[in-house]
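Asks: Single-letter residue listing:
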Amino acid sequence: MSIEIRNLNKRFGSFTALNNVSLDIQPGELLALLGPSGSGKTTLLRVIAGLETVDSGQVLFNNEDATHQHIHERQVGFVFQHYALFRNMTIFENVAFGLRVRPKSVRPDNEEINKRVTDLLKLVQLDWLGDRYPHQLSGGQRQRIALARALAVEPKVLLLDEPFGALDAKVRKELRTWLRRLHDDMHITSIFVTHDQEEALEVSDRVVVMNEGRIEQIATPDEVYEKPANPFVYEFLGHVNLFHGRVHKGRAWIGDIEIDAPDHAEAEDLAAVAYVRPHDIEVDREPNGESALAAQIVHILSVGPIVRLELAREENQGKNLIQVEISKERFRGLQLEKGDRVYIKPRRLDLFPHLTH
Amino acid sequence: MSQFKQHSVLPGFNLAIGFTLLYLSLVVLIPLSAAFIRATELTWSEFWTVVITLRVLDSYRLTFGASFIAALINAIFGLLVAWILVRYQFTGKKIIDALIDLPFALPTAVAGITLTALYAGNGWFGQFLEPLGIKVAYTPIGVFVALTFIGLPFVVRTVQPVLEDIETELEEAAAMLGASRLQTFVRIIFPTILPALMTGFALAFARAIGEYGSVIFIAGNMPMVSEITPLLIITKLEQYDYAGATAIAVVMLVTSFVLLLIINLLQWWGRRRNALI
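Those protein sequences? They're chains A and B, same order as listed.
The first sequence runs 1 to 357 under my numbering.
The second sequence runs 1 to 277 under my numbering.
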């Protein structure tokens, strides 16, 4: 089922949760709504589910207006962050709930319910837990049951509100890959909300980055990471270093470095901020004839195959440490130690004129 | 002893349990056992003739019957009141919330006199009810009305916090799965508040069995008709029949204890079944 969202607006008192949000969701897509808390991502999800009304705008399911449809007509499955399992029922009954509450005319008979629930429990690999109660399960198991329960009513759309938010790091990682595989098998249009950028980039087909009730960027995980649309997306997705400089007629200057900036050919001596990812910075012991920034190593953190360096630029000692990631081989080759003087040069950067963060 | 005392990082178990037992003994156990000891002054046959005369049997029926019905009515309407206080925002909510506790605070005699004045043949309610053939004051119905009045806070105050704790997510989840409001209430909310409701019921019931002050004014106290057991005990005491009074008291005590025990067992069973954490 395709979902179309047109100019949604929603306010809670003086707080704007959704500010003219428009979005197209393709059938069978797994979409991530990513943003900090208060960015409106959960509100958007709840509006699609029908759990929240809007002040203006439309939600269309398969090109049909569903804005004022009742929850029951929408055929939407919803998974809550804190599972919301019914604790007075067994796992089996939790999953069967959606079938049992159907009107008699469309309710499957007991045998059919049995079969469907057993199949679903097998799908989430927990068929041996049917007669337990929710409190006897671990968080990861509970969330998988919540998913099975949502799928029991054969929804056309699956909505997940921070589904892994309450789980510990290891289980979260496992469930992430598992959800991706499950989605690849079922191809049900799914939207999930998260504030964890790694989760969004790893699981989804497309990422919608939200901030203060607005959509900042809609793109594939690769694009969002490689070509962030604006400084907010840059800073929200992974660590990033900021360099202050100037742009003028297609050229940019940061300290002693001069760089081509063809995107900003019309710029007339503007202040600019350059964003550089830690792994896009080259480190060397000598300037090698080219222009480079001198810096001192403040801290060395060696994790796995990557060595993270914290550098202080010599012009502004102590302020704004620069984070650099280099491979362990490179690190050994340079024989770097704390306090050493090095020269750095951004390999790739994005310039945003005017914006002085 | 070693099995009785389980190892714990919390200090002061010995002191705490010692104090608890001493306190319970002084306040509850010793006075109650005194009643039993006093009752042993009677032989078995004397005991039986006191406790199973027709007049006494009728009073048991009235006391336990009216208490049970009153507690049941309170369970239903107390739940409704708690529901409204928790679920809705309206002006005057704080005042209604405070009113709930009034039956706790009011001297029971005041309640009795007020209710009698209202329900007597010339009272505000009585003047309309009597032409319809409903006599409330000086009948068993009056007993029931008084017991309902004093039992209401118990149900409201036990159900209210549990109702407040129910996450809205549970109801949203049920709605997302296609359940109607009624189905959500019957299958999700009610099972969750049932243990608290039963506690409230048990408290209201226990209170009603022991109630004296408010009932004697409205009941009319006609032997075999509207005479409650606590009044019989007082009557016996006024006739200096201490042994007889304690004999009836012992019967009440044992019956109340058994009834409360059954309610507790039901709750325990329900909690295990519902597996509330």
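Think of the hints as simulated: they come from the structure by calculation, not from any bench.
C-beta atoms are modelled at their ideal positions from N, C-alpha and C, and glycine is treated no differently.
Do not take every clue at face value.
Examples of chain B residues lying across from chain A (beta carbon under 8 Å, computed) [as the list claims (entries may be wrong)]:
{"hint": "1", "residue": "Ala35"}
{"hint": "2", "residue": "Glu167"}
{"hint": "3", "residue": "Glu172"}
{"hint": "4", "residue": "Ala175"}
{"hint": "5", "residue": "Leu177"}
{"hint": "6", "residue": "Ala243"}
Quick list of simulated restraints, FRET-style, between CB atoms [claimed, not checked]:
{"hint": "7", "chain 1": "A", "residue 1": "Asp65", "chain 2": "B", "residue 2": "Glu167", "range": "29 to 37 Å"}
{"hint": "8", "chain 1": "A", "residue 1": "Gln26", "chain 2": "B", "residue 2": "Trp269", "range": "30 to 38 Å"}
{"hint": "9", "chain 1": "B", "residue 1": "Ile166", "chain 2": "A", "residue 2": "Asn20", "range": "56 to 64 Å"}
{"hint": "10", "chain 1": "B", "residue 1": "Ile95", "chain 2": "A", "residue 2": "Thr220", "range": "42 to 50 Å"}
{"hint": "11", "chain 1": "A", "residue 1": "Trp178", "chain 2": "B", "residue 2": "Leu265", "range": "52 to 60 Å"}
{"hint": "12", "chain 1": "A", "residue 1": "Arg107", "chain 2": "B", "residue 2": "Val225", "range": "49 to 57 Å"}
{"hint": "13", "chain 1": "B", "residue 1": "Glu167", "chain 2": "A", "residue 2": "Ser22", "range": "31 to 39 Å"}
Asks: Hints first: check each against the structure and report whether it holds.
Replies: Results of checking the hints against the structure:
1. With a cut of 8 Å, the hint placing alanine 35 (chain B) at the interface with chain A is violated, because the nearest CB-to-CB distance is about 41 Å.
2. Against a cut-off of 8 Å between C-beta atoms, the interface hint on glutamate 167 (chain B) holds, since the closest Cβ of chain A lies about 7 Å away.
3. At a threshold of 8 Å, the smallest CB-CB gap from glutamate 172 (chain B) to chain A is about 6 Å, leaving the interface hint in force.
4. Hint on alanine 175 (chain B) holds. Least Cβ distance to chain A is approximately 5 Å, under the 8 Å limit.
5. Of the supplied interface hints, the one on leucine 177 (chain B) holds, with its beta-carbon coming within about 4 Å of a beta-carbon of chain A, less than 8 Å.
6. A hinted interface residue such as alanine 243 (chain B) counts as satisfied when its beta carbon comes closer than 8 Å to some beta carbon of chain A; here the least separation is about 50 Å, so the hint is violated.
7. Distance hint check for aspartate 65 (chain A) and glutamate 167 (chain B): the Cβ-Cβ separation is about 31 Å, which falls inside the suggested range of 29 to 37 Å.
8. For the hinted restraint 30 to 38 Å between glutamine 26 (chain A) and tryptophan 269 (chain B), the CB-CB distance of approximately 52 Å leaves it violated.
9. At roughly 35 Å, the beta carbons of isoleucine 166 (chain B) and asparagine 20 (chain A) sit outside the given window of 56 to 64 Å.
10. The hint said 42 to 50 Å for the Cβ distance between isoleucine 95 (chain B) and threonine 220 (chain A), and at roughly 59 Å that hint is violated.
11. Range check, tryptophan 178 (chain A) to leucine 265 (chain B): Cβ separation about 43 Å, and the 52 to 60 Å hint is violated.
12. Between arginine 107 (chain A) and valine 225 (chain B) the C-beta distance comes to about 53 Å, which sits within the given range of 49 to 57 Å.
13. Between glutamate 167 (chain B) and serine 22 (chain A) the beta carbons are some 32 Å apart, a value that agrees with the proposed interval 31 to 39 Å.
Comparing the model with each earlier hint shows violations of hints 1, 6, 8, 9, 10 and 11; every other hint is respected.
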